[in-house]
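Following the hints, put chain B in place on chain A, whose structure we already have.
There are 2 protein chains.
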Amino acid sequence: MSSDIEFKRVASRQNPFLKSLRSRAREAGRAGAPVWLEGVHLCQEYLARVGLPAQAIFAAPMPEQGSAELRALWRACAQAPRVVLEAGLLDTVSDVAGAQGVGFLIELPAAAHGDAVDGDCVVLDRVQDPGNVGSILRTCAAAGVAQVLLTEGSAAVWSGKVLRAAQGAHFSLRLLEGLDREAVLARVRAPLAATTLDGGASLYAQDLTAPVAWCFGHEGQGVDPGLLAAAALRVFVPQVAAVESLNVAAAAAVCLFEQRRQRLARAAA
Amino acid sequence: MSSDIEFKRVASRQNPFLKSLRSRAREAGRAGAPVWLEGVHLCQEYLARVGLPAQAIFAAPMPEQGSAELRALWRACAQAPRVVLEAGLLDTVSDVAGAQGVGFLIELPAAAHGDAVDGDCVVLDRVQDPGNVGSILRTCAAAGVAQVLLTEGSAAVWSGKVLRAAQGAHFSLRLLEGLDREAVLARVRAPLAATTLDGGASLYAQDLTAPVAWCFGHEGQGVDPGLLAAAALRVFVPQVAAVESLNVAAAAAVCLFEQRRQRLARAAA
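First to last, the sequence lines map onto chains A and B.
One point on numbering: in full-length UniProt numbering, the residue at position 210 of the first sequence is 210, and numbering is uninterrupted.
One point on numbering: in full-length UniProt numbering, the residue at position 107 of the second sequence is 107, and numbering is uninterrupted.
Extracted from the complex, chain A is given alone in its bound form (with noise of 0.2 Å):
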């Protein structure tokens, strides 16, 4: 029997697997845990940038019969443990996994909290919509950031909600959550520059080309008042007057890709 066809299958709702995924797709993943990853494009990412994942879970008919990406997604998880699960139980876990066929559930390396986070990063302080955090998390990878740090408060990085709205960034970049302000100005080394409304200066007058620690802060609330008394940078995106604020994915898409104008124009230079 080749190990092209070797899988497991299931067929009942009370399955003890079938009843641990469940709780993998409810709650978020965390570092040392298992993660869900739901549908085909998670998935895609995760085997380019990472590799196998702990288990590769497929819905029934047979993979063999689904789409040109099922099958590829079928083939290239040859080496990995494999579950098919019975038509519908894909489902019972979730809508998005159960809809597209397929899920993984992937082991997370154990975070090295205690070590110091040099050069660009991101730090993201009690923002709690999971679209705006997976947002920026794909603005850090597209704009070269791979270092993005979270405090307690802000919605889970590794929830489906933000697994799937960061479209694969979540590979790509370093990500430590859970932290409180101490543990933040402790690891981080480049200077902290963080977005207000208040006393900042306009973003377009800073020399970003030096390394920078980004602050971008919770959605109503702003910056935490202890990391912007410890900024040695407060800026702000110049808008026109009489408007409110810029979401803060918007905002933060606005200064790391000015950063990256920069960087760019001095490499060209």
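Bear in mind the hints are in silico, worked out from the structure with no lab data behind them.
Nothing here was measured: the structure is a model prediction, and the numbers come from that model.
Take the hints with a grain of salt, since some may be wrong.
[Claimed, not checked] Per the computed footprint, the stretches of chain B lying under chain A, defined by three or more beta-carbons under 8 Å from a beta-carbon of chain A, are:
hint, segment
1, 137-146
2, 225-239
3, 247-253
4, 256-268
[Said to hold, decoys possible] Quick partial rundown of chain B residues pointing at chain A, CB under 10 Å, derived from the structure:
hint, residue
5, Ala80
6, Pro81
7, Gln128
8, Asp129
9, Gly134
10, Gln167
11, Ser202
12, Leu203
13, Tyr204
Just so it is clear, CB atoms sit at the ideal spot from N, CA and C, and this is done for glycine as well.
Just chain B now, with coordinates in the frame of chain A:
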């Protein structure tokens, strides 16, 4: 009896006005029809930027006994028709408005769809996520781009989700929705700049000081090929290799604020 205490009271779940409010809250408003605004912030913004609503709806107990914000809204609407719903009834209209104790019914002016769109504008081509559409409206208002056109298939711009995400930006923008490609091309006067991953030029190599009609496309499929073909300018946001793309709202923020940066620099020169 002073006008300050004149209002209607609704006590029955079967009240026809209450039923009509529920319909308004479920369905997105359209130009020429009433729109339901939920919660303290949107109502404050509407009052500040537009004026009195067609009707102001409050939850019992009396707003005079509520928060300072609710009391201020109650008094500011003394010259508008005010309705007080008995305890719990506003929750049957919407969770959001129910929790915050206030909502407005407003009348949208019928849009002059046939008119030309001169100067800067943004075209949203089938941008589907309400959070993305709302964030882009907010970015437009912040960047000083006051006209937004939406093609059929975009999220309904006057829906509750888009209104909440835009935080009042609607009230400082000219909004035209439900357009097809030909209607967009017939109205827009400025050269069209479409964002694309294939064959575009770097955003940072463009002179963006003259009017631009920015075109941002569907989250998965990008800009419609017909609009792309009509674009005078195809641009990409220069990102690091091996990363798929930015979230559309993040890409819009980068483009519109690069335009703003160039114009501020020119004005200061």
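Tested hints:
1. 137-146: holds (count 6)
2. 225-239: holds (count 3)
3. 247-253: With 6 residues closer than 8 Å to chain A, the segment 247-253 of chain B meets the three-residue bar; holds.
4. 256-268: With 6 residues in contact (Cβ-Cβ under 8 Å with chain A), the coverage given for the segment 256-268 of chain B holds.
5. Ala80: Not OK, violated: Ala80/B not within 10 Å of chain A, min 23 Å.
6. Pro81: Not OK, violated: Pro81/B not within 10 Å of chain A, min 28 Å.
7. Gln128: With Cβ-Cβ at 13 Å, over 10 Å, it is violated.
8. Asp129: 8 Å, holds
9. Gly134: 8 Å, holds
10. Gln167: 6 Å, holds
11. Ser202: Since the shortest Cβ distance to chain A is 8 Å, the answer is holds.
12. Leu203: The hint holds - Leu203/B has a Cβ within 10 Å of chain A, the shortest such distance being about 8 Å.
13. Tyr204: 5 Å, holds
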